[in-house]
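Each chain, written out:
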Amino acid sequence: MNLEIKNLDVAYGNGGHSIQALEDVSLKIDQGRCLALVGESGSGKTTLGKACLGLLPNNARQRGCILIDGQEIDTNDETALNTIRWERVAMVFQNGAANLNPAHRIIDQVAEPLIQHRGVGRDEARGHAAKVLEEMGLPEEFFDRYPHQLSGGQAQRVLLSMAMILDPGVLILDEPTSALDALTKGVVSRVIEEGMSRGKAILLITHDLEFAVRSADSMAVLYLGQIMETLPADELFSNPLHPYTLALKRSYPAMNSARDLGGIRGDAFYRTIHQHGHEDESDYLHSHIQVPESSHKDGHAPPSGCLFWQRCTQAIEECQKGRVRFEQAGAHTVRCLRRGIVDMLELKDVEKRYDSVAALFPVDLTVKAGEIFSLVGETGSGKTTLAMTAAGVIRPDQGSRLFEGHDMDRWMKKDYKSLARRIGVIYQNPAESISHRFSVLETVAEPLDIHRVGLEKGERVERVKKCLADVHLSTDRAFLERYPHELNMGALQRICLARALVLGPRLLIADEPTSSLDPSVQAKVLKLLLDLQIERGLTMLFVSHDIGLVRKISDRIGVMLQGQMVERGPASSILSQPCHPYTRLLIESVRGVFSVELNRGNNRQYASGCAFASRCPDRRDICDKQPPPLRNIGHVQVACHFPVERPL
Amino acid sequence: MHVNVSRDLWQDPWFLVGLSLTLLFAGLALLGPPLAPFDPWDISFSPISPPSATHLLGINDGGQDIFSELLYAIRNTVAFGLLSGFTALGIGVILGAVSGWFGGFVDAILMRIADIILAIPAIMILILTAALFQPAAYILALILASLMWPTISKAIRAQTLSLRESLHVRAASQMGGGSWHIIRRHLIPEMFPLYLIGFASKTRMAIFMEASLAFLGLFDPSRKSLGMMIAYALKYYYMEVWWNWLMPPILCLSLVIMGITFFAISLERVVDPRLRQALVEKTA
Chain E
2 MNLEIKNLDV
12 AYGNGGHSIQ
22 ALEDVSLKID
32 QGRCLALVGE
42 SGSGKTTLGK
52 ACLGLLPNNA
62 RQRGCILIDG
72 QEIDTNDETA
82 LNTIRWERVA
92 MVFQNGAANL
102 NPAHRIIDQV
112 AEPLIQHRGV
122 GRDEARGHAA
132 KVLEEMGLPE
142 EFFDRYPHQL
152 SGGQAQRVLL
162 SMAMILDPGV
172 LILDEPTSAL
182 DALTKGVVSR
192 VIEEGMSRGK
202 AILLITHDLE
212 FAVRSADSMA
222 VLYLGQIMET
232 LPADELFSNP
242 LHPYTLALKR
252 SYPAMNSARD
262 LGGIRGDAFY
272 RTIHQHGHED
282 ESDYLHSHIQ
292 VPESSHKDGH
302 APPSGCLFWQ
312 RCTQAIEECQ
322 KGRVRFEQAG
332 AHTVRCLRRG
342 IVDMLELKDV
352 EKRYDSVAAL
362 FPVDLTVKAG
372 EIFSLVGETG
382 SGKTTLAMTA
392 AGVIRPDQGS
402 RLFEGHDMDR
412 WMKKDYKSLA
422 RRIGVIYQNP
432 AESISHRFSV
442 LETVAEPLDI
452 HRVGLEKGER
462 VERVKKCLAD
472 VHLSTDRAFL
482 ERYPHELNMG
492 ALQRICLARA
502 LVLGPRLLIA
512 DEPTSSLDPS
522 VQAKVLKLLL
532 DLQIERGLTM
542 LFVSHDIGLV
552 RKISDRIGVM
562 LQGQMVERGP
572 ASSILSQPCH
582 PYTRLLIESV
592 RGVFSVELNR
602 GNNRQYASGC
612 AFASRCPDRR
622 DICDKQPPPL
632 RNIGHVQVAC
642 HFPVERPL
Chain S
4 MHVNVSRDLW
14 QDPWFLVGLS
24 LTLLFAGLAL
34 LGPPLAPFDP
44 WDISFSPISP
54 PSATHLLGIN
64 DGGQDIFSEL
74 LYAIRNTVAF
84 GLLSGFTALG
94 IGVILGAVSG
104 WFGGFVDAIL
114 MRIADIILAI
124 PAIMILILTA
134 ALFQPAAYIL
144 ALILASLMWP
154 TISKAIRAQT
164 LSLRESLHVR
174 AASQMGGGSW
184 HIIRRHLIPE
194 MFPLYLIGFA
204 SKTRMAIFME
214 ASLAFLGLFD
224 PSRKSLGMMI
234 AYALKYYYME
244 VWWNWLMPPI
254 LCLSLVIMGI
264 TFFAISLERV
274 VDPRLRQALV
284 EKTA
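For the record, the sequence lines run as chains E and S.
Letter 136 of the first sequence, counting from 1, is numbered 137 in my numbering, and no numbers are missing.
Letter 132 of the second sequence, counting from 1, is numbered 135 in my numbering, and no numbers are missing.
Read the hints as simulated data drawn from the structure, not as lab findings.
C-beta: ideal position from N, C-alpha, C; glycine also.
Do not take every clue at face value.
[As the list claims (entries may be wrong)] Not the full set, but computed from the structure, chain S residues with beta-carbon under 10 Å of chain E:
| hint | residue |
| --- | --- |
| 1 | 106 |
| 2 | 107 |
| 3 | 110 |
| 4 | 111 |
| 5 | 169 |
| 6 | 176 |
| 7 | 178 |
| 8 | 184 |
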């Protein structure tokens, strides 16, 4: 069987206001397929599941249609609904035990649909139920127990058995794993696999992203009742296209990601509609997004436009207006005016020479909006040169630079200031990057003075104070009047951070921001950077030689070697399965595995061939003669003749 | 200034001496004429009288009160020095900073001009101008300033070159700070010690120069000046007037120069963190 949902809108009445739970949701699950519906709580996942069974409460208004095998479900016809429920569509509700009748033995509850729908005899039904329960891995002595005698996981399995007993063609699983430990999840996973192989269409509602990726074929990301992105399930971690998907992924503690957890900036909202007595398209125009705590404060959200823009890392003015439609982008569909995550910064074939020394060979660098991209590599590998080229501080000899899709060089010539305020830079040495004649106030206010922002009385100081509070520094008068030599390195670096952020940049370039700090201060500053990155939706280009540090913060990593980028890709892949021998060397060195042979310094500028050849353990003839081509291995790009394809 | 200047300064003998001398002569320069008991151009007294209660330093050969004359002379000499010193400093700092910051063509032009000026002996120009055109004293002061700026300029330029590579200047430039912002907020305050040295040495030089020109009689003879007083006093050296007529202007000239020098040295020490450390250790 297949399940198809077409333009489904659901609103819950709530006095004078109603809450928009689903809007314009269209999905199709073919037979033998599993679609995972993910999203934050309150995004309308469960409402969608219930709508498929016609189980929405009375105050819900529903538009659009739900088709099972091409046949529309009539939500008003209770008898028709009853035959559809259990027989053709079954749902496993969340909160396991709460959905079981506490007064009946579980085996009777599992057998009941058989007796009700099929008219099977009680004994036969019980026998069948026992078989199903056994398949779910529930030992026989549990069959005659009551729900309160079961653990959450066992209750979940009972519910699964109930749903499976009539062998329905469409299975809806609502958070089936939330109460389960990792081992018991296997049972659910097996049910899904078997169901798929037997041609069922499965809708998996979950916030367990890793489970969703493992179990489902495709995925739909729901936000405030709208589907933001649909994508092949296995691309969730490696290639999310919508900023919301990226943020969701980043909030999830996935096993293969070493990065510290991020959240999504801002609060989750819910949407209310002002009822003006007519139920037509104009409803949409009167809808508001509201923060739960202030449910009667109206009008601060767009009546139209993207629902996510306030929390988005790449929102532009256009996002507040106009209606956002789905667009196809490869295997994904995205509901985003900017067609998914955009490239904030794009350097193409940039080259830089200092007299006879080549600092950068033609290098490409792309930093996507909202991500943290880290450049790693040994000293002198050109990391800082590349980062400063990106910052607009160093002018490359060759190549093009795009920032937010515009040519940087032209932009700089025309209006350098407007570019400068979009890029904040933190330097390696905080003490030197602040003039020792500036007080804290003067230092943080310098960008404001340059850009003539906050000219009104008091505003300048207020802005500085707010920024200092953001970086967890004191804001009292005495502190504002202190001078750099009276402060420690950690405080200085945070002042630099405040200075870089005071104009509200889109991109933050941090050049070894913590290398002059001791580990405890470094931890604080990094934590702060990550928090700010989430709070402000910053995009970050992070430069460090410390791969151990980089793994805690990066979304993607680029590995630099002698002015070239030899490997780049998602941080998790690069760290767990580095393809370039140089990357492996870097990671091993951090782990304390020093190979004398490999660590032999490389002083010569190579004429042709691979820059790493002289130190490479897998070196062959071709390595000396031909520069290695850039090849794609999964989502990783690596410049090596013989990339290693095994985990570290 | 980020330094807690006052505490350090008040413990520094150089500063105390320099400040008292500077204040003394600044006071004399400002309040001198009203304080003067007689009109220095009044020739109604009996020439070459020794000091008395009414004429503290006696009367000179022309029948004028020497003390009144001295007060007017201090004012003229100090004003000449300050005008010339400040002007030279202003030109030197701006041209040096501009030259160092912008570099290239501007730098080349300005520095060649500076080299040419450096090659010209200032005293010769001044003597010739004063003798040929007899301009007002302030014109001569400005001419002198226009000849003195190159050394300041060279020092400022060198410092600017090193500062422009410093991280905080690069950071300001990345933030979008224009040249004017950087010169005003970063370069000029950063080079404070250099001005003090430049200003002190140029003012000193100008005061000497004024005294020399006056000594040579190149100013309007009716203009009171320490140098001119010395010149006239020397003529009557044989008459035992040296202690009341020759000594006072010489002493004043020396003390003015000492005061300015001490003042500059002490400020420089306080402003330069490295020197300051030494100072704190010494006085602790």
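Going down the list of hints, with the structure as the test:
Annotation: interface hint on residue 106/S violated; nearest CB of chain E at approximately 15 Å, more than 10 Å. For the restraint placing residue 107/S at the interface with chain E, the shortest Cβ-Cβ distance is roughly 15 Å, beyond the 10 Å limit, so the hint is violated. With 10 Å as the threshold, the beta carbon of residue 110/S stays out of range of chain E, its nearest partner Cβ sitting at about 20 Å, so the hint is violated. Because the closest C-beta pair between residue 111/S and chain E is about 21 Å apart, greater than 10 Å, the hint is violated.
For the restraint placing residue 169/S at the interface with chain E, the shortest Cβ-Cβ distance is roughly 7 Å, inside the 10 Å limit, so the hint holds. Because the smallest distance between the Cβ of residue 176/S and any Cβ of chain E comes to about 8 Å, under 10 Å, the interface hint for this residue holds. Nearest Cβ of chain E to the Cβ of residue 178/S: about 5 Å, under the 10 Å cut. The hint holds. For residue 184/S, the suggested interface contact is upheld, since its CB lies about 6 Å from the closest CB of chain E, less than 10 Å.
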